[in-house]
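> Sequence:
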Amino acid sequence: MRLVKIVGIVTLCILASGCSWFGGDKEQPDIPEQQLYEESIAALEKADYQLAVDKLQLLEARYPFGRYSEQAQLELIYAYHKNYEPEAASASADRFIRLHPSHENIDYAYYLKGLTAFEQDRTFFERYLPIDITRRDPGAALSSFESFSTLLNRYPDSKYAPDANKRMIFLKNRLATYEVNVARFYMKRGAFVAAANRGRYVVENLQNTSATPQALAVMYQAYTELGMTDLANSARDVLLTNYPDYDLKTYRKENKTLLETATFGLLGSSDAAATPPSRPTVNSNAGVTQDKTEKTERSWFDRITFGVFE
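If you count the sequence shown from 1, position 14 lands on 144 in my numbering, and the numbers rise without skipping.
Some hints here could point you the wrong way.
[Unchecked claim] Pairs of lysine-lysine, DSS-like flavour, derived with a Cα cap of 27 Å:
1. LYS212 <-> LYS302
2. LYS379 <-> LYS318
3. LYS289 <-> LYS302
4. LYS318 <-> LYS296
5. LYS212 <-> LYS176
6. LYS212 <-> LYS318
7. LYS318 <-> LYS176
8. LYS289 <-> LYS379
9. LYS302 <-> LYS176
[To be verified] Derived DEER-like restraints, expressed as beta-carbon distance ranges:
10. LYS379 <-> LYS296: 30 to 36 Å
11. HIS230 <-> ASP367: 50 to 56 Å
12. PHE195 <-> ALA321: 52 to 58 Å
13. SER364 <-> PHE315: 34 to 40 Å
14. GLN187 <-> GLY269: 26 to 32 Å
15. ALA177 <-> ASN363: 33 to 39 Å
16. ASN327 <-> ALA177: 44 to 50 Å
17. GLY357 <-> GLU234: 55 to 61 Å
18. LEU229 <-> TYR376: 49 to 55 Å
19. ARG319 <-> LYS379: 15 to 21 Å
20. ASN372 <-> GLU168: 55 to 61 Å
For the record, the hints were derived by calculation from the structure and aren't laboratory data.
For each residue, glycine too, the CB sits at the ideal point set by N, CA and C.
All chains, full assembly: derive it from the sequences and hints.
Given below as structure tokens:
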């Protein structure tokens with residue numbers, strides 16, 4: 131009986147500690163706040179951004195109202211950005227701006243948000259290959275432009291303002307060129323009102339860019355096609371006054387045949403009717419004559435033996 135009790139007690143002890151024996155969740159040691167912060171900064175300095183993210187997340191979770199909590203939130207935005215996690219970086223920046231609108235380093239949060247979207251607009255291949263990014267969706271570029279614009283408007287004396295201003299110039303040209311590309315697309319489709327509106331948007335909101343004269347030219351062409359002579363002449367005058375060397379051309383609408391329209395340009399176009407370049411006439415005729423001569427002079431025995439014996 132006594133043996134049974136001993137066995138029962140041992141069994142209960144084993145069951146009680148079974149979770150730790152069989153790989154249960156191990157409780158992490160209680161690391162002081164300052165140590166966690168210093169370890170996260172050390173990871174950032176070593177460019178170990180994933181470790182920095184882990185440390186900063188742990189710091190924020192364990193010490194949400196601690197001495198380093200606000201600074202850790204700022205460092206986490208940067209760590210996400212460097213770790214190629216743009217969505218997390220943008221969300222963390224928005225959260226910091228919402229929780230600490232009067233923080234002394236709030237300009238840094240706006241700058242990091244704009245910088246993250248700026249890098250997100252350019253993929254790995256677009257950084258090193260000659261790819262025209264102005265034909266892609268400008269969502270990230272627009273978000274970056276808005277963040278930098280807010281930074282410059284609210285904190286013009288920020289130390290991040292000069293760099294933000296340079297990036298805004300690039301983004302402004304990128305957005306303007308995209309709008310002109312869309313306007314030209316509408317012109318080809320015969321949507322002249324939409325094309326004129328796109329051009330006017332560039333002139334009114336994205337002026338002083340490399341795409342401004344092109345936008346004015348699209349406005350002139352679109353208004354001309356719509357029969358709005360006054361607006362067309364106004365756009366032309368503004369264009370030639372500010373850009374006298376611009377080669378302004380009248381828009382020529384392509385007359386598509388019914389077959390070309392039905393087949394989306396695959397058939398019925400003028401290019402399809404063009405004759406390909408022929409071979410030299412002398413050699414071609416000589417070859418044809420020789421073939422005909424051979425066919426007439428070959429005997430029946432030569433034909434059934436495929437020319438092996440004759």
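> Please write out, lowest number first, the hints stated earlier that are contradicted by the structure.
Numbers 4, 6, 7, 8, 9, 13 and 15 - these are the hints that the structure violates, sorted from lowest upward.
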